Amino acid sequence: MNIQQNTEAQRMSFWERLYLPEIVRGLSITFRQMFKPKFTRQYPEERWEPLGSYRGYPVLVLDEDGERCVACGLCSRVCPALAIEVQAGETEREKERYPVKFEINMLRCIYCGFCEEVCPEEAIVMSKGYELVFEDREAAIFSKEQLLVPIEQLQDRLEFLRRYK
Amino acid sequence: MGELVAHIVVAGLKVVIVVNSVLLAAATLVYVERRVAAWIQDRIGPNRVGPFGLLQPLADVLKLYFKEDLVPALADRAYHRLAPLISIAVALSLYAVIPIADAVNIGGERIPLVVAPGINVGLLYVLAMTSIGVYGIVLAGWASNNKYSLLGGLRSSAQMISYELALGLSIVGVVMVAGTLDLVEIVNRQQHVWHIVYQPLGFLLFLVASFAETNRAPFDLPEAEPELVGGYHTEYSGMKFGLFFLAEYSNMVVAALMMVTLFLGGWHVPFVPELPQWLGLREGSIGLALFQAGVTLSKTALLLFLFVWVRWTVPRFRYDQLMRLGWRVLLPLALLNIVVTGAVLLLLQS
Numbered sequence: 059m060n061i062q063q064n065t066e067a068q069r070m071s072f073w074e075r076l077y078l079p080e081i082v083r084g085l086s087i088t089f090r091q092m093f094k095p096k097f098t099r100q101y102p103e104e105r106w107e108p109l110g111s112y113r114g115y116p117v118l119v120l121d122e123d124g125e126r127c128v129a130c131g132l133c134s135r136v137c138p139a140l141a142i143e144v145q146a147g148e149t150e151r152e153k154e155r156y157p158v159k160f161e162i163n164m165l166r167c168i169y170c171g172f173c174e175e176v177c178p179e180e181a182i183v184m185s186k187g188y189e190l191v192f193e194d195r196e197a198a199i200f201s202k203e204q205l206l207v208p209i210e211q212l213q214d215r216l217e218f219l220r221r222y223k
Numbered sequence: 003m004g005e006l007v008a009h010i011v012v013a014g015l016k017v018v019i020v021v022n023s024v025l026l027a028a029a030t031l032v033y034v035e036r037r038v039a040a041w042i043q044d045r046i047g048p049n050r051v052g053p054f055g056l057l058q059p060l061a062d063v064l065k066l067y068f069k070e071d072l073v074p075a076l077a078d079r080a081y082h083r084l085a086p087l088i089s090i091a092v093a094l095s096l097y098a099v100i101p102i103a104d105a106v107n108i109g110g111e112r113i114p115l116v117v118a119p120g121i122n123v124g125l126l127y128v129l130a131m132t133s134i135g136v137y138g139i140v141l142a143g144w145a146s147n148n149k150y151s152l153l154g155g156l157r158s159s160a161q162m163i164s165y166e167l168a169l170g171l172s173i174v175g176v177v178m179v180a181g182t183l184d185l186v187e188i189v190n191r192q193q194h195v196w197h198i199v200y201q202p203l204g205f206l207l208f209l210v211a212s213f214a215e216t217n218r219a220p221f222d223l224p225e226a227e228p229e230l231v232g233g234y235h236t237e238y239s240g241m242k243f244g245l246f247f248l249a250e251y252s253n254m255v256v257a258a259l260m261m262v263t264l265f266l267g268g269w270h271v272p273f274v275p276e277l278p279q280w281l282g283l284r285e286g287s288i289g290l291a292l293f294q295a296g297v298t299l300s301k302t303a304l305l306l307f308l309f310v311w312v313r314w315t316v317p318r319f320r321y322d323q324l325m326r327l328g329w330r331v332l333l334p335l336a337l338l339n340i341v342v343t344g345a346v347l348l349l350l351q352s
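Sequence order for the protein chains is H and L.
Sequential numbering from 59 applies to the first sequence in my numbering.
Sequential numbering from 3 applies to the second sequence in my numbering.
Calculated from the structure, these hints are not laboratory results.
There could be a bad hint or two in this list.
Claimed, not checked - Restraint-style ranges between C-beta atoms, simulated for each label pair:
1) L:272 to H:72: 54 to 64 angstroms
2) H:79 to L:68: 41 to 51 angstroms
3) H:153 to L:49: 47 to 57 angstroms
4) H:84 to L:4: 52 to 62 angstroms
5) H:90 to L:322: 26 to 36 angstroms
6) L:287 to H:98: 41 to 51 angstroms
7) H:72 to L:308: 45 to 55 angstroms
8) L:10 to H:90: 25 to 35 angstroms
9) L:76 to H:100: 24 to 34 angstroms
10) L:308 to H:213: 52 to 62 angstroms
11) L:322 to H:107: 45 to 55 angstroms
12) L:68 to H:98: 21 to 31 angstroms
Source: prediction; values computed, not measured.
The beta carbon of each residue, even a glycine, is placed where N, CA and C say it ideally should be.
The shape of chain L in the complex, shown without the other chains:
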């Protein structure tokens, strides 16, 4: 009984920390996005609220809270309210299986730094949950009773189907190389050679597919401002819109974290994997965990910068181009990747 309570307390603490860091990360990402966009366009960007404009996201959220919460007259009120909740719930629950650092020893207890540790199908869980995320968008499009919203929702579901396949298949190569679905194990296998070395094509496919999966430019067709007003969130205002916004940025963080975990060696330092030992950080100590978390998060930050950078470089794909890329390029390439990986693995074993 006491052990159960301890487990729940520990898990609860982890959830509180993770959720708050996600919200903070999403806010920072919005700021970074606006700043980088401004720089690329020869502007300065938000620099008035707080030092360097760092408090701008807080001001934005405050503004969203004071906005009127409108529901269109002929909208389905229940589903209209449910849709952003689905989006944000899915986005936040994804973090449950993603490891930031190796386990730490506190008071003789070995505590894994994952909210839901020891899930041996962590990878499948992430794929399954991201698929559910599309329900929030489709439901928002449908419940708003607005043509543009509906088009955005439809596009989102079509896009999700065409890219989820390539996304899932591009991971299969990694799973074959690592021989496990447990994300902590996958990271540990990469201590010396990262999976991106074995799976460069897989990484590329995963990168492109996750741009589509997170509805980011150049695949941001569900919101496509010039053609669809705002896409699925046209009829949302105030904090409901804020939740969609938050979910989008949170999904970006998840995608970047997944790339780091699967392909970029997680918390292992590039070229010098023994660096923490040289620094005198003992196995299982809090110092090592902090160090590893720092490594993971800085890799993630670099990838997130790539997300933002690409958004302000590449124009949006047309709908048919998007479909062609998904079905006729990414899917065959992903299958090819699996075949080649399997053949090479077989050759190495025999």
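If we strip away everything but chain H, and leave its shape as in the complex, we get:
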């Protein structure tokens, strides 16, 4: 004997099997749902402010003494997508080295955050920026000037890194 017993159909009461009262119940639920507050964010007007843990596109930290980067090239080495290109140069300052050229191809970047993790100087960090729009491929390659961000704007991320990294 292969007769199914205690199936959902058998467990239903007469009124449930009639469908209609249950459909009316469902209708009342959806009707109440219509007046609940909406989850939609009206994007261009209402923007989302990410938390410190958010990995937006990477940027270079610019503190009081200028750029932190010493052009060691570790970020470039570790980058799985080969998005970072660094050329080192010498300088008279205390740190002795600085990047002559520092470019990140934002079309290649996968926002993994390895560059940030590997950086010994805390010079490259993931920002909160998530709005990346380009008109052409050349515009997607960010130069050092575009990447440098004053340290005040990166406090959340630096705080997060100090606590959890």
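Once you have looked at the hints, place chain L on chain H.
Okay, now just chain L, sitting in the frame of chain H:
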């Protein structure tokens, strides 16, 4: 000769007004559908194009016009082109017999507010035309030369056969009570008591069957997106797809109008049928006609909201469930309804 020309001009004017209002209504319905769906799902819905997003349907139509019109390589080109035309032609021709308001007197002439007035088999005409509508869908499914389209078309025809019976039979009760097939007469008989009071079961059957007839959820198996890609209109793009879309929404409006006409008292105000007289609207005046049209259309709008509301509440029926509901529930109930109505009418007469 002059009278004939006048008749043709009047009929032409009515056609222009009706067709344009149908297109406008369908566009509004698409907007309402998207807005209500969004609200039920805790979203806002289209609100960017024009005030409150009201111009969204216009933007959609504009987009459809600019879309490439693709025909699959191995499709039957002639039938592929014919199918949406059948759908839309049938959908629009249905409005010819549906009255929106009572006749008006303009310049001593009594002009009925129906495109094709005085058709004493108006009801049969509507039933016959809706049956033809399925040809558009089946033909689209077959001519596309696509498995999913064909399945959608097949489902549509099977569904149509099982539900048309219940649909037709559920009306028989109304016809027995009213004693006429003329839709204007049927509305006039309901001035004091609507037919839904005499025929609650008939109304319910008609409601369920028209959901199936218009391919609306929970009976939207012919297009069933998750299983059939797009169903019968998978291989349609641009304005050909737009025509199917338009026909679907136009059919919804017809179904709602039919329900209002047959069961919900047409242009009669509920509880206070004398309201137009109290407002001082004379018999046959344009004011009264506008008032009546307003009443009919607001009832229709409420029913259309029900259509949309149900779509976002009830999940789609499985194919066998749909067949069982059609043949084993709706059909016997419709027959029972006729028997009971007939018995009661006989008892009342004797």
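Evaluate the given range 26 to 36 angstroms for the C-beta pair formed by residue 90 of chain H and residue 322 of chain L. 32 angstroms, holds
Look at the Cβ atoms of residue 287 of chain L and residue 98 of chain H and judge whether their distance stays inside 41 to 51 angstroms. Taking Cβ atoms as reference, residue 287 of chain L and residue 98 of chain H lie about 47 angstroms apart, which means the hint holds.
Residue 322 of chain L versus residue 107 of chain H beta-carbon gap, inside 45 to 55 angstroms or not: 52 angstroms, holds
If you check the beta carbons of residue 79 of chain H and residue 68 of chain L, does the distance land in 41 to 51 angstroms? At 48 angstroms between Cβs, range holds.
Beta-carbon spacing of residue 272 of chain L to residue 72 of chain H - inside the hinted bounds 54 to 64 angstroms or not: 32 angstroms, violated
Residue 10 of chain L paired with residue 90 of chain H, Cβ distance criterion 25 to 35 angstroms: 52 angstroms, violated
Can you let me know if the beta-carbon spacing of residue 68 of chain L and residue 98 of chain H is within 21 to 31 angstroms? Holds, since residue 68 of chain L and residue 98 of chain H (Cβ atoms, about 28 angstroms apart) stay within the stated range.
Can you let me know if the beta-carbon spacing of residue 153 of chain H and residue 49 of chain L is within 47 to 57 angstroms? Hint holds: Cβ distance 53 angstroms, inside 47 to 57 angstroms.
Looking only at beta-carbon atoms, does the pair residue 72 of chain H, residue 308 of chain L fall within the given range of 45 to 55 angstroms? 25 angstroms, violated
Does the Cβ distance between residue 84 of chain H and residue 4 of chain L fall inside 52 to 62 angstroms? 59 angstroms, holds
Per the hint of 24 to 34 angstroms, is the separation of the Cβ atoms of residue 76 of chain L and residue 100 of chain H within bounds? Violated, since residue 76 of chain L and residue 100 of chain H (Cβ atoms, about 46 angstroms apart) do not stay within the stated range.
CB-CB spacing for residue 213 of chain H and residue 308 of chain L relative to the 52 to 62 angstroms hint: 55 angstroms, holds
Checked against the numbered hints given earlier, the structure breaks hints 1, 7, 8 and 9 and satisfies all the rest.
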